[in-house]
Structure formats: structure tokens, C-alpha cells
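Visitor: Protein chains in written order, with the working numbering: chain A, 2 to 472; chain B, 40 to 259.
Calculated directly from the structure, the hints in this document are not laboratory data. Just so you know, even glycine gets a beta-carbon here, dropped at the ideal spot from N, CA and C.
Quick partial rundown of chain B residues pointing at chain A, CB under 10 Å, derived from the structure:
no.	residue
1	T143
2	T145
3	S147
4	R168
5	A170
6	L174
7	A178
8	A211
9	G213
10	Y214
11	T215
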Amino acid sequence: MRERTGLTARRRAGRLRAGRRAGPWAADAPPPVPPADAAPPPGSQLRAPDRWPRGPRISGPLRRRREGRLAGGVATGLAARFGLDVRVVRAAFVISALLSGFGAAAYVAAWLLLPAEDATDGAIASRALGDRRGIALAAGLVSVLVVIMLIGTALGAAWIGSLAWPGVITLAGLVLIWRNADPDEQASLRRVARPALDLAADYPRSRIWARAAIAAVLLVAGLASLVAGHPRRAALLPLGGLILVVAAILLLLGPWWVRIARDLVTERQARIRAEERADMAARVHDSVLQTLALIQRRADDPQQVVQLARAQERELRGWLFGGRSPGSLEGQATTLADGVRLIQQEVEARHGIPVEAITVGDCPLDDAVSALLAAAREATVNAVKWSGAPVVSLFAEVEPAEVAVFVRDRGRGFDPAAVAGDRKGLAESIHARMARRGGVATVRSSPGEGTEVSLRMPRLAGERAAGGVPS
Amino acid sequence: MTGVPRVVIVDDHGLFRAGVRAELGTDVTVLGEADDVAPAITLIGECLPDVVLLDVHLPGGGGQAVVSAVRAAHPQVRFLALSASDAPEDVIAVIRAGARGYVTKTISGPDLVDAVRRVAAGDSVFSPRLAGFVLDAFAASPGAAPGAAAPSFDPELDQLTPREREVLRLIARGYTYKEIARELYISAKTVESHVSSVLRKLQLSTRHQLTRWATERRLA
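If we strip away everything but chain B, and leave its shape as in the complex, we get (with noise of 0.2 Å):
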């Protein structure tokens, strides 16, 4: 991906896309907004942006709605989800529906555009608090007992590797992507692949422990 990157910008809030578009600056293209699911859906089907900013939180649905329409019809339009609200069960749905990262609205300007950037690059994007709710998710042991175990376990997708885990862990700490390749001795690119293995492992794991997780706690 090279050129500015073309965005356009999901929240139900006004002053939100309104103080988004000024974060943004030139460095980013903003082809337009929308306020709900169904407007949404329809600018987005008719400019074909890179990246969509989405509100985890819509009156009509949801941001997984949004991401879960556009992406049958238009899978190369990428998804980064930007929300106030920090509950971890609506940033799983988001990201297990498809979007490649997520970032808390506190984010600073200059971080906001690298962010874009990198999910128009193909890359993944995960805060610290994505990191600490998926280390959380894949924390829980994989069914009760060994011989109970869900037959559905897949080792390959519903497990983190322990390197995955340390990547993980650091970003949590508050490292960027930088830092842990320094740390762990390892290339930024090697850190990079780590952060998208783990995102479809998220993705695509139908980990009974993962499901239950994110149900228990809409229901809690």
C-alpha cells in the first residue's frame, strides 16, 4: 500500500468524526462519514475505502454488523475499530467478525495515522488493551478436565504460543512494536507476524472457551 491512505469514518458522535477528521490531517484521505450501521454500509459499498474507522458501539447494531456486511461483498475494504467503551466482549465480537485491530479513542494523532496506515498496509494493529483482553480470552484452560476436553480443541488455533504470549504480554506492558523486536531479539517484521498469527487465531478458532467467554460476559 502506498499514497495517502482513503478512510472513512463510522461513530454515531458528531464531534467525534469531527475531531478524528482534524486528528488526521493531511497525512490521510477522508472519503466521508457515516452515524450508523445502514448509511454505513451504503458509503462504504459506494467508495471502496482502505481502511474504515469504526465505532465498536452503533445505535443500529453494533460495529461487527457493519464489518460482517461489507465483508462478503468487498473483503479487501480493512477494518480498524476505535472505541470509548472498554468492554472486552464487544472488542472480541468486532475483531472475531473481522476488523484487523483496534484502538482506544485516547490514542494521539500521530499514533491514530500510523494505525491507519499499517491496517491499510495489511498489518495488524492491537493496544495494550487488546493484548490484555486476548491474553485474558486464552488464559482459561481448554475444557474442565483432559478426558472432557471439547472435542472441537484444535491445538494450532486455540492456543497462544509462548512467544505469542510474550508479544502479547508486552504490548500490554505499554512496548511498541519497536521495542519488543529489541527486546525479544527478534526483527519488527517477526513481532509484526506474531501480532497477525495471534489476530487469526482469534479469528478463526472456534475454541469453546473463546465463544463461552464472550457470551458469558454479554450475559453477565
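The shape of chain A in the complex, shown without the other chains (with noise of 0.2 Å):
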């Protein structure tokens, strides 16, 4: 049975490719709003009286929307709200953007008071106001700004100074809410700052010296003609007492600027490790924690402890030394269909107790489905281990909007609170892995009831325009 499922699922993969380039997720229940990319629905175009696009309109206090945001979920929450195509919002954004700043500000002011529609815990702002460091640091930045734009309105660029507000509201806002949304929001807001970060992070070698040859070149030029201008030196003077005030200014606010930045650099490398930390043991558990388990369990089999102990031995070799990880389907599966029935064949192997899985619909393999696959390896795990059910479900199905898997046990169950602290299985390899890529997890599970994990991973909006399958 096993050996055919592989081939169907396989069979399956190719087949969808084929159905979905050729139409999209029609007809069948379409969401409630659809998503912001999508064209408005045909017809409200033609029964709309005025000439704005219009898009369906959701009641209630105004939101930032999750579905369909590029940035905040500002001018999707605004389009919902009050009936506007969600472009026509956008458009009205950049363009007062680009005119006066006040687009920026607004937005960004608007992303730090609105709460999300599904929070919990209010806006982003009411978080900010104890966060003493972002606060300090959105000051220094604001101050740097503040000084530049002192410069440059005594070099006589006067339209500088009305940028002064919302250039400042926007890097404080900005600062802000970096410091303070969720992990998903950060990875969004991350995701709008990447070809900014990607340029700066790829600029080449030969290129820093290219401008600094200019800049010498350009440096040499300009004094150069300043000494010529010997007959007119009066106008240097107010050059000199620019200079002056600059230095000063350096001499006063430079070395909290050097801080600031240091800090920066620290705390940057520090998230960078606590999430290097958290995923190593999050990976260690997956693997030697649970083998040890494993073994424990089967002391009175000898055979089985050796082989077991073999193959853990040979799994962590392979991520020490040969940097494959532990738990990972890396290299082995290349769709979401693969990753379950490796999963299945695995447990199955391993623990000897059979896992229905079945998967609907199929979608390529990227960070963050792999993610959500590694969480569901794990719920399946813990279910064949702790529940003493004789079979597990595995469910999968690919959604337009997300991708969901449900680990289904008739077990003994548990209390979800009732958590030893350091068990780390749910809290770091499914609730923290899935949050740190933007899904959920939830458990649902209640002694003598069984226990279901469902997993919710958001996929990308590409993708979903592409139809699940890039060509």
C-alpha cells in the first residue's frame, strides 16, 4: 500500500501542475473578500456609478487587514472598510508620498495606531510606548535626520524643510514598529525593505573604491576652486561658519550616535543568535532528544537500541559535519505532497505505528512550507509517541490563501497548559517554528478526547497569483 502511495502522490503533483496552470481555484466557494491582488469581482465595475473601482466593504471599526497587505495592511484595512478598490488607496498613498511626505507619515502613523484585525493586544503603539530603547533610538535617528535637514536649509534647499514632520514621524514610526509588531509583520515589513537591504548587502569591492576615487577627485576639484576664488573669499564665510556649527553639532551629539549604532550592530547580532539558538534546539529535540526517548522506551530491545542508535548517530554526523539538518526534508522532497509521504514513511518506520496521511492539492516546497512540514513531523511524532493511539491522521491541503495541516490523534490526550516547561516540543518546534515564518499553530486536545494540531502557514502572494505552481 505504501509503495503505491508514492507514486500517486507523485502522479498527483503532475497532474495538479498541469489542472491549475490552465484555470485557477475557480468557481468552488470563493473567500468572502477576495484577495487585494485579484481584479474586483466582474460586473461591480459596470453597476458602480462613479469612475473609482470599488471593492467589496467590511463593517466594524476600521483594521489593518492581514489578507492581501503589502506593507501594513493600512490600505487593504482602508479599501475593506470603506468599499475603495484597494489600488485606487495605494495610488492615493505614493502619489501624496511623493508630493509632500504626508502619504508616508500618514501611513506609517496609521500602521502604528490601528490595531491588525485579528490582535489581541492592540496596536503596535500601545507596545511602543514601553519599549525605552526603540524610543531612544527613533530620537537619535530623528536627530541625525534633524540635522541633515538643518544642513541642507542653510545650503539654501528650503523644500527640505517641509519634508521636516513627516520625514520625522515616518523614521520614528518606522523604528517603531520594527521593534515592536509581530514576527509576521516584521517579516512583511522586512520583505518591503529587501531590494533596499539586498543592494547594500551585494554592493561589490571595486565599486567602494570607485566612489571613494570620485569623491577625492570631486574633494581635490572643489577646494581647489574654493582657493582660486581668492578675490571673492567673503562668500566662504558663511561655508566656514556651516562647518562650524556641523562640527559642533558632531562634537555634541556624535559619540550617542556612535552608540546608537553600536547598539544596533549588537542587537541585530544578538536576535540573529537567540534565533540560531532557538532553532538548534528546536532541531536537537527533532532528532537526539527524541531518539533518546525512543530508546529508553525500547531498552528490552537491544536490537532495536542498536539500530536505533545507528541511525540517530548517522543523521547528526550528517548535520555536524555535513550540514544537512536533522528533521529537514531538504534535498529529499521538493513538494508539500513529497514532504507527507516522507513524513508517513518515516513515523511509520521508526515507531512502527501507521499514519494516515492524505494530502489535497499540492504546492512547491520554500522556506516557509518547509517550516510548517518540519512542525507537522514533529506533532506526528509526538502523536504516535505520547498518545498510544493505534493510528494517527495527516492531513494536508493546500489553500489558495494558505497551506494547512491538521495531526489528528484518537489518544489519551492532554492539557495543553499543563506543559512542562522545558518540554520543548510544542512550544519550540511547532508554535515558535511556525511564528517565526508568519503561521499558526494551535492545539486542541483535552485528556481521554485525543489531540489535534492544526498548522496554518499564509503562502506568499506570488505564489497565490501564480496559482500555487510556478511555471
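Can you join these two chains into the complex? Each is in its own frame, and there are hints to help.
Guide: Okay, here's the thing in C-alpha cells:
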């Protein structure tokens, strides 16, 4: 039976690829609100008396929407609340941002002040109030901005002054959002900023030299022309004054800025280290700790213990020296259905309990879907190990907006609130792993009733538009 | 349907037939066994059981050959497909031929007896796997472009309602009908009627997508 499942899973993948390219997820049960990138429903444009294309309207207080957002979901939220087309709202923000900077400031302020639709702890602003380091950081960066603007104004570019307030609000707001938003919102912020970051990171070294050389030439030429303008030396006086003022400011605020910059770097490193640690802990738990638990249970069967230990040793070596992470399906599976099948085979082989695995639809593995699979694997292993159920159900479905996996057993169940703190399985390997990629894990269990773990991972807008499988 | 259901077992593996007979025990009367298409048709015609437990894979033409041959003459005989092979095209073909349900051979004894009783009573039996197949088969969009949709497309038959989809999803997640009823705040009878309606759509739909789905898989 299992030999055939593999074959069918692959066939299914091929079939769906062909089917979906022909027509994306039409007809059955359209979501209540179409994703923002989709065209407005046909007919609405014909009926609407005004020129604006309109979208469906959602009542209730104004909230930032998660569905179809590009950055903070402000435009999607506004569009949904007032029944406008999201593209019109976005265009309004962009145009007013370009004209006066007001659009950017308004957007950031709304991001900060409006709660997200599913937020339980209010707006980001309420969290930011308690973030003293974040406020200090924002103040520091704002002071840099103000100095730049002062210099600009002194040099005669008065228009820079008009950007002052929007600029200050935008900058300070972004800093506070960056530090206080949910992990998945940070991920979306990162996605927006990625082109700029990539540009900075991939800057070739030769370019830096070229830039330095050009700067040097300009500097020499500028100084030469200043000195050559000897007869009108009086014109240099305001410039000298400006230099003095800048020097004074640098002397006064410079050390503070340097400290902020250094703090930023250390904090970023600390965050990276913490994430690495969490990732590592999750992986060690999934592989080594699980195997050790298994060995304790099979202590009366020496042959099996040896076999388990050997398999674990191989896996650990592969990870430490070969860079292949344990528990990851990297390199073995390329699609969700493949991954689910691998989990089924691995768990059945290792624990001897049948896993009823069912996949509906398919999609390629990206970072997020791989994390989802790793969490699903952990949930399945937990179920076969602890529940005592004779069979475990593993159901994966690819939907237009998300990928969902459900792991269910009819075993003894447990009280999720009473799990001991050092049991990393649920907290690290499932909840945190999902949250890091913007997904959600919920566990429903009560003693005697069995357990169901639901894992939902949103799909990226681009993939959604392509119908799941890029051609 | 009251009393003990009378059953015929059709499977080409003797060992498996014996196993099923033992599992069913005294809750079900086994009238006879057959190991291929032709003997099965004769046997069913002779003893007219309530339910035929039918292997999807048979040497002489597959389970659907038995279903199609018997249903014309004896529409009251009901079929429950039972299979170790999970090839969706075969399962869907047997259901489309007229079987009232599908369970995998890993099913436990009591569950199998329960499934036989339900089929005998005229209900349908969906295993999680069948629910997954059906969701998959109905998930693909009907027709590539709205303009070029298949002319035979009938929304009544060729599309699942959101509720039916929800019920199938829960079956695929391993819920029993009773648990589904509790989850969706409906009665178990309503769950049953949703499932029967899905079965009817599966059997009657001439949906281009569905037939193509089956053929494509067969060819693949």
C-alpha cells in the first residue's frame, strides 16, 4: 500500500500542475473578500455609478487587514472598510508621499495606531510606549535627520524643510514598528525593505573604491576652486560658519550616535544568535531527544536500540559535518505532497504505528512550507509517541491563501496548559517554528479525547497569483 | 434495515477473505466468497446479499466490472469497496460505477462491521482517504477560462457546496460523523445527508474535469 502512495503522490503533483495552470481555483466557494491583488468582481465596475473601481465593504471598526497586504495592511484595511478598490487607496498613499511626504507619514502613523484585525493586544503603539530603547533609538535617528535637514536649509534648499515633519514621523514610526511588531509583520516589513538591503549587501568591493576615488577627485576639485576664488573670499564665510556648526553638533551628539549605531549592531547580532539557538534547540529536540526517548522505551530490545542509535548517529554526523539538518526534508522532497509522504514513511518505519496521510492539492517547498512540514513531522512524532492511539491522521491541504496541516489522534490527550516548561516539543518545534515564518499553530486536546494539532501557514502573494506552482 | 446484514466477500486473496470473515464475526452473516469477476457476478445473482464487500482490484476486470454487471439486474444489492491499493483512479471508478462507500483494508473489525451496517441501511461510508480523493477531484477549476467552460457544466452536480467541502475536510482529518456533527453544530443525520449528496454528485456528475481527472491518472 505504501509503495503505491508514493507513485500516486507524484502523479497527483503532476496532474495538479497541469490542471492549475489551466485555471486557478475558480468556482467553488469564493472567499468572502477576494485577495487584494485580484481584479474586482466582474460586473461591479459596470454597476458602480462613479469612476472609482469599488471593492466589497466590511463593516466594523477600521482595522489593518492581513489578507492581501503589501506592507502593514493599512491600505487594504481602509479599502475594505470604505468599500474602495485597494489600488486606488494605495495610489493615493504613494502620490501624496511623493508630493509632500504626507502619505508616508500618514501610512506609518496608521500602521502604528490601528490594531490589526486579529490582534489581541491592541495597536503596535501601545506596545511601543513601553519600549524605552526603541524610543531612544528613534530619537537618535530623528536627531540625525534634523541635522541633515538643517544643513540642507542652510545650503539654501528650503524645500527640504517642508519634509521635516513627515520625515520625522515616518522615521520614528518605522523604528518603533520594526521593534514592536509581531514576527510576521516584521517579516512583511523585511520583504518591503529587501530590495534596498540586498543592494547594500551585494555592493561589490570595486565599486566602493571607485566611489572613494570619485569623491576624492571632487573634493580636490572643490577645494581648488574655493582657493582659486581668492578675490571673493567673503563668500566663504557662511560656509565656514556652517562647518563650525556641523562640527559642534557632531562633537555634541556624535558619541551618542555612535553608541546607537553600535547598539543596533549588537542587538541585531543578539537577535540572530537567539534565533539560531532556538532553531538549533528545536532540531536537537526533534532528532536526538526524540531518539533518546525512543531508546528508553525500547530498552528491552537491544537490536532495535542499536539500530536507533546508529541511525541517530548518522543523522547527527550529517548535520554537524555535512550541513544537512536533521528533521528537515531538504533535498529529499520538492513538494508538499512528497514531504507528507516522507513523514508518513519515516514515522511508520521508526515507530511502527500507521499514519494515515492524505494530501489535497500540492505546492513547491519554500522556507515557510518546509517549516510547516517540520512542525507537522514533530506533531506526528508526538502523536505516535505519547497518545497511545493505534493510528494517526495526517491531513494536508493547499488552499489559495494558505497551506494547512492537521495532525489528529484519538489517543489519551493532554492538557496543553499543563505541559512542563522543559518540554520543548510543543513550544519550540511547533509554535515558535510556525510563528517565525508567520504561521499559526493551535493545539486542541483534552485528557481522554485525543489531540488535534492544526498548523496554518499563509502563502506569499506572488505564489498565490501564480496558482501555487510557478511554471 | 434491521437484523444481521448478509454479506458476500469478493477478493482474489483467500487469506484476506478468511481474515475479513474472522473480523466480521457473528455480527454479520457471510453468505459466500468469490475470487474473481465472473464467479462473483454468479454468486451475487444467486444469493442476493444486502452488501457486497468488494476488492477494488480483481484479476478479471476490476471491482467496477462487478458493480456495473450486478446493478443492472439487482439494484437492491449494495457495494462497499475495500482495498489495500490507494490508486485514486480505481477508487473513484468503483464509486462512480455505484459503490456506496470505500474503506481501506487497515480498518479495524468493529469499524468494518459498522461500515457494513451503514451501507446495508442505505447510507454511505467515506474513509478519510476517499474524502481526500474527492476534495482533490473537485478542487480543480471547472473549465480553464470562464468563457471556455465546458458546456456540460452543471453547478448542481459538478460542484461541492462549501458545507459539503467542510464535511469532507473533517472526514479527511480523521473525524467520525458524530464528531463532525458536534464540530459543525448539526445533527449526525445532516452529516450523513451531506455525504450522500457528495456521493450522488460523484456518481452522476458528467463533469469534464472529473472524468478527465480519472483518465489522466489512468494514463499517467
